[in-house]
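As a plain string of letters, each chain reads:
Number of protein chains: 2
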Amino acid sequence: MTNSRKSNRRQFFNSAGTGAAASLAGFALGSLPCFAAQATLVAAKKQRPLRLAMASYSLRKFNLDDALKITATVGLEAICLKSMHLPLESSDEEIAAAVAKVKAAGIVLYGGGVITMQNEEQVERAFEYAKAAGMTRIIGVPAPNMLPLVNDKVQQYDIAVCIHNHGPGDATYPTPDVAYERIKNLDPRVGLCHDVGHTTRAGKDPAAITRQCADRILDVHLKDVTEPTKEGHATPCGRGVIDLPALIQTFVEINYPGYLSFEYEEDPDNPLPGLAESVGYIRGIMDMLA
Amino acid sequence: MTNSRKSNRRQFFNSAGTGAAASLAGFALGSLPCFAAQATLVAAKKQRPLRLAMASYSLRKFNLDDALKITATVGLEAICLKSMHLPLESSDEEIAAAVAKVKAAGIVLYGGGVITMQNEEQVERAFEYAKAAGMTRIIGVPAPNMLPLVNDKVQQYDIAVCIHNHGPGDATYPTPDVAYERIKNLDPRVGLCHDVGHTTRAGKDPAAITRQCADRILDVHLKDVTEPTKEGHATPCGRGVIDLPALIQTFVEINYPGYLSFEYEEDPDNPLPGLAESVGYIRGIMDMLA
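Chain order of the listed sequences is H and Y. With the working numbering applied, the first sequence covers 464 to 753. With the working numbering applied, the second sequence covers 464 to 753.
Hint data in this document are derived by calculation from the structure and do not stem from the laboratory. Everything numeric in this text was worked out from a predicted model, so none of it was measured. All residues carry an ideal CB built from backbone N, CA and C; glycine is no exception. Possibly wrong hints are sitting among the right ones.
Each pair of labels, with its calculated beta carbon distance range [unchecked claim]:
| # | chain 1 | residue 1 | chain 2 | residue 2 | range |
| --- | --- | --- | --- | --- | --- |
| 1 | Y | 553 | H | 523 | 39 to 49 Å |
| 2 | Y | 671 | H | 560 | 45 to 55 Å |
| 3 | H | 560 | Y | 524 | 30 to 40 Å |
| 4 | H | 694 | Y | 524 | 34 to 44 Å |
Think about it this way: if two alpha-carbon atoms lie no more than 27 Å apart in a straight line, the pair counts; the simulated BS3-like pairs of lysine-lysine are [as the list claims (entries may be wrong)]:
| # | chain 1 | residue 1 | chain 2 | residue 2 |
| --- | --- | --- | --- | --- |
| 5 | Y | 509 | H | 693 |
| 6 | Y | 594 | Y | 647 |
| 7 | Y | 566 | Y | 594 |
| 8 | H | 594 | H | 524 |
| 9 | H | 647 | H | 594 |
| 10 | H | 509 | Y | 693 |
Generate the whole structure from the sequences, applying the supplied hints.
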């Protein structure tokens, strides 16, 4: 146990126990199990070194209400909303209504995205949207020529932008180290969302990249993939090729300050079993580090 | 890393990939996700120190076909069938049909139970049933005055009997150490099924009891519970009070030869999310020991 790991301990605040999950009987969910309430009782006792969240793209076939119920069922404390759960063109009133739903579920709305920022209008809209929703982070893909504007906006709004890497098919930001070179002289709130699956699919070691870019990683898309090539696709954490024990230890050692957000892209019609297995797997690793 | 841990490494043989899970759309299951097949591809690469199985009581609201599909979905390699999935009074033909279904799902049928053995007829039936099904273990609750007969039968059939402890409400076998005192001079194939949840509910440390009874533990019911009292009930592994990292390390250190069988008693109508989270949690712990 290194000192850096110990100093990174945080209260694992599980606020999922609204009881809302027990009554759901919707499409492809069956009846959700009712352990969310008791999870609050017991999970709150545990000190874990990293905070876990949901990237709502995982739940893209569900509406916001059901997405929040699934998030609570797996006991995640926070969520980053993708546009199908909170459209970018929403009015302030619509945003306020969605924010109220997330809060009522006992979940922290920490970010939005992934949001494309190809022009000034998209950049400005992203910040207005995030501000209205009280988000601290925009997970985004700003075109390189938008980075000076993004740099101004993060200072104006005090909202971070986390550039998302999309792997071997992404000519601009395939891996975080490539994005890092473009932002290293900008405000520290211009950072990275490290998608560890896409880094692996690009043939790079996500733990090494995490160390290399440690000071700018402000969000993480956590997942496992079947192959370290562009053919690799999602699989529940622990079934794929990513050395997640080493990666989680790395996040602890760098005192990673943000959320590890599960983005589970497989089984969109019934993602709960794979998500639950993934969340359990990462908690098991964390409890070995405690 | 101790030598005993390393010497205990086994091939993690994941034989869940029959593809059967993908097409299920049944009661309370929604559409099962389709990662069982790819799990075979990738999980087979992993060396894990302990073998995981399903105690089919977890799936008591489902028929055998659906129980096998759920077992495959969470990637478990073996199963112990409770009587609702293979009635004790089954004919040899009925047993053969069930055995064929389990085999076709790529799953090992390693045991049956929990089976009550209150009289000679029940003891004899349990062994005939297990023999017909090719089981290597009977998980049972033999009355103390049946133990001499059980001792004869394990030698006659070369099938082990694992006495199941049922916690504070069980006057005969509340914890494995109590059962151990009754069997310690019998054939070594008269052993224990350590239900770590009931041991915890009885106020005892399941890791300490595992060490104390190490030479006779031949099966395990793995779970987590909410409280270390008789009021404690099931919760997904990692959400309760059992120190599962310490317990799993203990099973590795004693070179435990059997299966860790998930018995998840909560959410009988929709156990898959809690089971998946539990399986993931234990795999995460194991991968930290690898």
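Task: List of violated hint numbers, smallest to largest - done: Per hint list: zero violations.
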